[in-house]
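Peer 1: Given the structure of chain V, go ahead and fit chain S onto it with the hints provided.
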Amino acid sequence: MTKSRGRHIMAIDDKPAAELYNEWIGGSLTERLADGGNILADTTMFPLGIDSGNINEVSHYLLVHPDAITPEGGLSTFAEIEEGTRIYSMCGEKQRLVDRAGRVASMAAASLPSGIDSLAGGVVVYCGGCMLAVGDRMSQVSQTVADSFSDKPFVGCFTFGEQGLILGKNVHGNLMISAIAFGQ
Amino acid sequence: MESSEELRETVVIMQRQIDRLRTEVVHAEQLTSALEALLCRDEVDPFSGVFKALEPIFGFSHAVVLVELGDVDCHLECVASQPAELIDSRWCAGRFFQKVLDGRAAVTFSNENLVEWLDVDLGTISKSQPALYLPMRVRDRRGLMMLLRPVGDAGFDRDHVALARKFALLASHAFAARDANQSVAESQRLLSLANKLQESQQALAHRANHDQLTELPNRTCMQELVEAAIKNRGDNGMIALAFVDLDNFKQVNDLYSHAVGDALLKSVAGRLRASIRKCDHVGRISGDEFLILFDTFDDVSDLQPIAARIESQMKRPFLVEGIEVVSSASMGIALYPEHGSDYEALRRNADIAMYRAKSAAKGTTAYFDDVMGMVAAARLEIEQQLRVAVRERQFRCVFQPKIDIRTMRVTGFEALARWTDCDGRVRNPSEFIEIAGELGLINDIATIIVADAIASFPALDNAFGSQTRISINVSARQASSPTFMTEFADRLAASGQSQRIILEVTEDAIVAAGPFQSLVLPQLRRMGTKVSIDDFGTGYSSLSALADITADEIKVDRSFILSIQDRPRSQSILKAIESLGNTLGMSVVAEGVETEDELNYLLDQTSIQTVQGYLFSRPLFVNELVKLAGTFLTSRGKVA
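Read top to bottom, the protein sequences are chains V and S.
In terms of numbering that gives the first Met the number 0, the first sequence opens at residue 0 and continues consecutively.
In terms of numbering that gives the first Met the number 0, the second sequence opens at residue 0 and continues consecutively.
Here chain V stands alone, though its shape is the one from the complex:
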């Protein structure tokens, strides 16, 4: 990324950020480039990624969600990216956003000191951007969490801009799905 300020990416590889990003994601924003504006729902499946380190040589990425095309042809995002950072074009699928909630809940339940049998309930924090993308399949998200939590009670909330755990550190990122499990 060659030029940015705060949550505004102005240029990537010396090109206007929105134009290059549009190329990366297959041109689905072409008609929006001229007028700019909100692209939140269009970009949930195509976030930007920042390499956050690796475990056993497997890279882990912090996701950043572009939410608007600015009048200057840049990208406004829900998290800051420092100028000079290498960014990756990521892609996702609706089904994965559904399944991931269940997997995250399972991981939280499995991490209880007394094991999953001691699970009393939990909290699930689901990114608002993901919720918009999943749309009418939110009931399936809820069901996967319920299955993972063995039908124990849980509360869900939808957020924009999350604090989440990546490689042992709490960081601000986007498109995160987190879960807290409570033991008895």
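Hints were generated in silico from the structure; no laboratory data involved.
Virtual Cβ for every residue (Gly too), placed ideally from N, Cα, C.
Any given hint could be a false lead.
Which chain V residues stay away from chain S? Per the calculated CB distances, all over 10 Å, these [to be verified]:
#: 1; residue: R6
#: 2; residue: L32
#: 3; residue: N37
#: 4; residue: A67
#: 5; residue: S75
#: 6; residue: E79
#: 7; residue: S88
#: 8; residue: A119
#: 9; residue: V124
#: 10; residue: G127
#: 11; residue: V133
#: 12; residue: A145
#: 13; residue: D150
#: 14; residue: F157
#: 15; residue: H171
#: 16; residue: Q183
Pulled a few chain S residues facing chain V out of the computed Cβ check, cut under 8 Å [as the list claims (entries may be wrong)]:
#: 17; residue: E4
#: 18; residue: L6
#: 19; residue: R7
#: 20; residue: E8
#: 21; residue: V10
#: 22; residue: I12
#: 23; residue: Q14
#: 24; residue: R157
#: 25; residue: A161
#: 26; residue: R390
Result set (EDC-like, lysine to aspartate or glutamate): computed pairs, CA atoms no more than 16 Å apart in a straight line [as the list claims (entries may be wrong)]:
#: 27; chain 1: S; residue 1: K626; chain 2: S; residue 2: D460
#: 28; chain 1: V; residue 1: K93; chain 2: S; residue 2: E4
#: 29; chain 1: V; residue 1: K168; chain 2: V; residue 2: D50
#: 30; chain 1: V; residue 1: K2; chain 2: S; residue 2: E391
#: 31; chain 1: S; residue 1: K314; chain 2: S; residue 2: D244
#: 32; chain 1: V; residue 1: K14; chain 2: S; residue 2: E391
#: 33; chain 1: V; residue 1: K14; chain 2: V; residue 2: E82
#: 34; chain 1: V; residue 1: K2; chain 2: V; residue 2: D12
#: 35; chain 1: V; residue 1: K14; chain 2: S; residue 2: D451
#: 36; chain 1: S; residue 1: K361; chain 2: S; residue 2: D287
#: 37; chain 1: V; residue 1: K2; chain 2: V; residue 2: E71
#: 38; chain 1: S; residue 1: K357; chain 2: S; residue 2: D244
#: 39; chain 1: V; residue 1: K14; chain 2: S; residue 2: D443
#: 40; chain 1: V; residue 1: K14; chain 2: V; residue 2: E71
Peer 2: Just chain S now, kept in the frame of chain V:
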């Protein structure tokens, strides 16, 4: 495993499990030390030893042990304290302390509101200190241990509580055992608990340090073994680290199944273990990668027969799951201290040597040397420079003119990539294309080159007219990638110059790339882009395959043009190609024309119209080329 996302989650889960196991191993060892301190009969005050043993686990600044006095007011008496100022102090047993006395471990971030703390002369201790309370039966009296951290420090967490519970149970039994009148049952129970603790400790240590598939030491364990070997090495002994990588393991997984792959890894582990000496260690560090620590030997010549044995054992067929799998392993060896003073350096250099062995001949062994080190360092440097070069778009085109030898006019140019690095040095593709391919940068470079070629049209048009075309090379891998080729075609279309572009692909690429013919070629045709078969005659395409290729141009490889005037066989081949081109409607271009004699032969003995080669011009940057525009029209306008 369906996605990289799931792979990452699995890796995180496994890492957490390993971290937890290692922590539990350490804690089990520390708890055992604390327990031994309690059981030590010579110690007048057993708690001083206990506090010392528990301090590294819980990180406290103060520790207090209270036991029930047995009076009607339910007071507790301090029987041990660090510092000692609280000894003999009396504490009332409110509801909170009662819960702890009943067997619950608990933590507080502050003790300001606990009635138990109200009437105690605390001395240097503060009520604001975070505390961990654990139940403890001291002989026949109920009691509790209180561990306090300094004010402002983080409180105790749930791991501390879990550990405190274990310790409380063991410590209570230990105190019972110290009692001379302990019953046989109590004594046996304590013995049983101690044995279980030891077994659990051993099992945890094994799981934390061994690969679950092969039962060999894992990466962390191997690192510790190497570090210990370095530390304990005598003055004369030598140590070596070998990096062993199975050849073609991925194909085994792909061809048979992951179950067969796993079974093969277990068999390999068994043979490696059987091939080394008792004093050596073999571990699996990932996938199909193993490390062997040779500890110790007197001379490199002692190592060679062992390495040869391993090589030969790996080449013997493996019978796994009823299937005979023929495999081999490449091995690189680094010596201590010659090739590295610590684990990381030895592993890295053994890895480099392994790659050298694998690239020379699979199933062989290579010893690290300084040249390999320099090559690896240079390679790393060029990799980094190349990434920067792509980011900063340091690639530009040079153009070699294509000349109509019947009119001596320039009809087009072949665009070739050059990398002008930060020092201004111009590098040829031979210096970077292969590495760029391995790093996955080749498409980025191609994109830059295409953009530069298209941007050069105005300058070239001014000098040579607007009837010329630019030929752009596409690699076999790119030609077989519908995604790349579609994007490439879209870019050309967007430039508005697609009709002036010729795409050059090798015959192998065009024959192998099914999607190219069926998907990309029609799009190129619609755009008016022409297709040329490059280096014709050097590939393996058959005439029947050639009949299916709808190309516009054949470029005869320079190897046929070299001294053609003196080589009748090349002359015959060229005639055949010319005839083929005429029959299939493809124009023929002769590449690599470097001498007047070659040119004269082509002029006099063939009907070939277009050539390129150093006789006319080497590849030049556009600003250099435009200066020579007029010279091509004069007596064969040779450019040095």
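Peer 1: All hints are to be evaluated individually against the structure, with a verdict given for each.
Peer 2: Hints, one by one, checked against the model:
1. R6: Non-interface label stands for V/R6: nearest chain S Cβ at 22 Å, farther than 10 Å.
2. L32: holds, 14 Å
3. N37: holds, 26 Å
4. A67: holds, 25 Å
5. S75: At roughly 23 Å from the nearest Cβ of chain S, V/S75 sits farther out than 10 Å, so the non-interface label holds.
6. E79: The assertion about V/E79 holds, with a minimum of 21 Å to chain S.
7. S88: holds, 13 Å
8. A119: At roughly 14 Å from the nearest Cβ of chain S, V/A119 sits farther out than 10 Å, so the non-interface label holds.
9. V124: The claim stands: V/V124 keeps its Cβ more than 10 Å from every Cβ of chain S (closest is about 17 Å).
10. G127: holds, 20 Å
11. V133: holds, 16 Å
12. A145: The claim holds: V/A145 sits with its nearest Cβ about 20 Å from chain S, beyond 10 Å.
13. D150: holds, 23 Å
14. F157: Label holds. Min Cβ-Cβ 21 Å, cutoff 10 Å.
15. H171: Holds, because the least Cβ-Cβ distance between V/H171 and chain S comes to about 19 Å, which exceeds 10 Å.
16. Q183: The claim stands: V/Q183 keeps its Cβ more than 10 Å from every Cβ of chain S (closest is about 13 Å).
17. E4: S/E4 check passes; min Cβ-Cβ to chain V is 7 Å, inside 8 Å.
18. L6: With a closest approach of 6 Å, the S/L6 hint holds.
19. R7: holds, 6 Å
20. E8: holds, 6 Å
21. V10: holds, 5 Å
22. I12: holds, 7 Å
23. Q14: At about 5 Å, which falls below the 8 Å cut-off, the nearest Cβ of chain V leaves the hint on S/Q14 intact, so it holds.
24. R157: Result: holds, 6 Å to nearest chain V Cβ.
25. A161: Where the cut-off is 8 Å and the nearest Cβ of chain V is about 5 Å from S/A161, the hint holds.
26. R390: holds, 7 Å
27. S/K626 x S/D460: Since the Cα atoms of S/K626 and S/D460 sit roughly 13 Å apart, the hinted pair holds (cutoff 16 Å).
28. V/K93 x S/E4: Holds, at roughly 14 Å.
29. V/K168 x V/D50: holds, 14 Å
30. V/K2 x S/E391: holds, 13 Å
31. S/K314 x S/D244: With Cα atoms ~13 Å apart, S/K314 and S/D244 stay inside 16 Å; holds.
32. V/K14 x S/E391: holds, 12 Å
33. V/K14 x V/E82: holds, 14 Å
34. V/K2 x V/D12: Roughly 9 Å separates the two Cα atoms, so the pair holds.
35. V/K14 x S/D451: Distance of about 15 Å is within 16 Å: holds.
36. S/K361 x S/D287: This hinted pair holds, its Cα atoms lying about 14 Å apart.
37. V/K2 x V/E71: With Cα atoms ~12 Å apart, V/K2 and V/E71 stay inside 16 Å; holds.
38. S/K357 x S/D244: holds, 9 Å
39. V/K14 x S/D443: holds, 14 Å
40. V/K14 x V/E71: Roughly 12 Å separates the two Cα atoms, so the pair holds.
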